[in-house]
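Using the sequences plus the hints, can you model the full thing?
These protein sequence lines are chains A and B, in that order.
Start counting the first sequence at 0; every next residue gets the next number (numbering that gives the first Met the number 0).
Start counting the second sequence at 0; every next residue gets the next number (numbering that gives the first Met the number 0).
Careful, some of the hints might be misleading.
[As the list claims (entries may be wrong)] With a Cα cut of at most 30 Å, we get these calculated DSSO-like pairs of lysine-lysine:
1. A:K128 / B:K145
2. B:K145 / B:K244
3. B:K145 / A:K226
Keep in mind that the hints were calculated from the coordinates and are not lab data.
It should be emphasised that the depicted structure is a prediction, and the values quoted were computed from it without experimental measurement.
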Amino acid sequence: MALATRTDPERPAQKGPRQRPEPPRKPARRPSLIGSVWRSTVGKKAVMAVTGLVMLAYLAAHMFGNLKIFFGPGEFNHYAHWLRVIGEPALHYEWFLWLVRVALVASVVLHGVAAYQLSRRDLAARPRKYARRRQGASYATRTMRWGGVILGLFVVWHILDLTTLTVNERAEPGHPYQNVVATFSTWYGNTIYIVAMLALGAHIRHGLWSAIQTLGAGRPHRDRALKIASTAVAVVLAGGFISVPIGVMTGVVS
Amino acid sequence: MRLTLRIWRQRGPEQPGAMTAYEIDGISPEMSFLEMLDTLNEELILRGEEPVAFDHDCREGICGACGMVINGQAHGPERTTTCQLHMRHFSDGDTIDVEPWRAAAFPVVKDLVVDRSAFDRIIGSGGFISAPTGSAPDAHATPVPKPVADTAFEHAECIGCGACVAACPNGSAMLFTSAKVVHLNVLPQGQPERESRVLDMVGAMDEEGFGGCTNTGECAVACPKGIPLQSISMMNREFLRASVKGGGRNRG
Ligand code: HEM
Ligand code: SF4
Ligand code: FES
Chain A
0 MALATRTDPE RPAQKGPRQR PEPPRKPARR PSLIGSVWRS TVGKKAVMAV
50 TGLVMLAYLA AHMFGNLKIF FGPGEFNHYA HWLRVIGEPA LHYEWFLWLV
100 RVALVASVVL HGVAAYQLSR RDLAARPRKY ARRRQGASYA TRTMRWGGVI
150 LGLFVVWHIL DLTTLTVNER AEPGHPYQNV VATFSTWYGN TIYIVAMLAL
200 GAHIRHGLWS AIQTLGAGRP HRDRALKIAS TAVAVVLAGG FISVPIGVMT
250 GVVS
Chain B
0 MRLTLRIWRQ RGPEQPGAMT AYEIDGISPE MSFLEMLDTL NEELILRGEE
50 PVAFDHDCRE GICGACGMVI NGQAHGPERT TTCQLHMRHF SDGDTIDVEP
100 WRAAAFPVVK DLVVDRSAFD RIIGSGGFIS APTGSAPDAH ATPVPKPVAD
150 TAFEHAECIG CGACVAACPN GSAMLFTSAK VVHLNVLPQG QPERESRVLD
200 MVGAMDEEGF GGCTNTGECA VACPKGIPLQ SISMMNREFL RASVKGGGRN
250 RG
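Below, the structure written as structure tokens:
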């Protein structure tokens with residue numbers, strides 16, 4: 000009886016015996032690729048990894064750009080002006096900058112929403128704590144969550160400080176060099192910035208390695224190399240960013 | 000050896016539970032942890048008390064039934080199963096905390112016994128190959144390169160004990176599921192269901208209420224069979240590959 004081996008095309012053939020009654024099946028509608036990726040824990044994490052890497056690429060460019068401050072106000076302000084005219088005459092004044100901003104806002108929002116949803120799910124999956132806990136367990140996960148929140152708050156403060164100049168008391172539009180010096184002439188400017196950059200370094204140290212793992216490139220034989228590379232990227236990035244307030248504080252930049 | 004045990008006692012799934020202290024004496028360092036619990040249970044029965052319920056079967060480290068968290072570590076201080084853990088790893092006078100696996104997807108049935116049937120449903124959703132039944136095929140009919148056979152075998156070593164879920168701060172079953180997915184997905188016999196397997200098993204895993212992976216690595220430290228953390232990365236790769244290939248379209 001060849002027919003008896005056929006499976007009902009409406010039902011997934013591979014489903015093994017189930018102890019639970021199957022939930023009523025919705026009319027067959029193929030989930031979209033984006034929908035099914037976003038709904039799964041593995042897919043949502045991949046979204047976090049990709050958006051994290053987008054932000055990381057931006058931060059690398061941003062950090063190298065910031066180092067131009069050590070060559071004096073002329074060069075730094077000229078560089079800041081150039082950022083606004085990239086792509087001219089094909090693009091209008093500041094269009095390139097706005098494209099980058101849109102991509103970054105999309106990345107931050109997707110990254111944050113995915114982090115929030117996954118964290119809620121993770122906490123619900125372990126409703127009861129152990130009476131005795133292994134030392135050091137879940138250290139990375141907790142620092143990623145708190146570090147991420149610190150970074151999110153920092154991004155808001157940073158934009159109010161050096162982009163819109165709302166909280167920067169002695170700032171003048173069009174003079175980025177002088178505005179940076181103004182920020183790092185206050186104790187709270189330095190503190191907020193340096194604490195946030197240390198949080199950034201910690202976030203990237205675990206995050207870059209984690210993203211590689213999430214996107215499927217982690218293998219036992221290259222794990223050590225990947226961990227060292229992630230730490231190196233984190234140290235260079237955080238160190239590069241922190242060199243600017245240190246420069247202002249020590250009077251190298253004034 | 001003389002020990003103080005603090006054991007999670009819970010009469011049934013809906014009952015409240017509590018850590019309960021017991022003093023026990025005359026334990027030899029050669030006993031396994033389960034034999035130590037047997038000794039305690041004999042005393043409890045003689046005293047007319049309810050013995051401590053715990054799961055066990057093979058007592059030789061291959062069935063994966065004997066899960067319990069000892070002093071905050073799945074299967075205790077050694078990288079092995081509880082039945083293969085010996086009392087010589089503890090000292091006279093120690094206080095030992097014994098708790099069931101803690102995860103939303105593994106509800107406590109009684110004392111140290113949890114319901115791990117969520118694992119069975121993950122397996123049922125894709126942890127198999129379709130092969131013609133009948134007489135056994137020749138062993139060399141389908142050549143398998145040695146490195147592939149080794150990778151498959153390493154992952155086939157998973158005994159479904161659930162230590163990875165118990166150790167994970169997110170109650171995630173990714174290490175278990177990845178062991179099953181990688182085991183079959185690398186083999187030629189596993190190719191026909193390569194895409195649907197990973198999509199269905201990850202889907203079943205999510206449906207059971209396990210958490211996600213944050214690459215903390217607790218699972219791989221706890222795994223008695225040494226399934227590496229990077230197996231999760233291999234499963235992620237299979238998942239993303241299958242999603243891009245539209246593996247869902249070949250399903251059903
Ligand atoms: C809005 C603020 C942010 C929040 C709330 C946040 C939160 C998180 C959380 C909770 C994780 C998961 C950690 C884990 O799985 O253990 C994560 C991962 C990650 N984050 Fe962020 N983060 C933020 C900003 C950033 C920034 C500015 C970058 C840019 C460098 C970044 C890069 C990454 C990367 C690359 C990952 C790894 C993704 C993966 O695990 O696959 N994050 N973030
Ligand atoms: S992966 Fe390891 S810890 Fe998890 S169920 Fe399999 S054998 Fe047990
Ligand atoms: S009783 Fe079978 S593995 Fe411990």
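These are the hints, each one checked on the structure:
1. A:K128 / B:K145: violated (43 Å)
2. B:K145 / B:K244: This hinted pair holds, its Cα atoms lying about 28 Å apart.
3. B:K145 / A:K226: Distance ~29 Å between B:K145 and A:K226 Cα, so the pair holds.
Figure legend: structure checked against the earlier numbered hints; the only hint not met is number 1.
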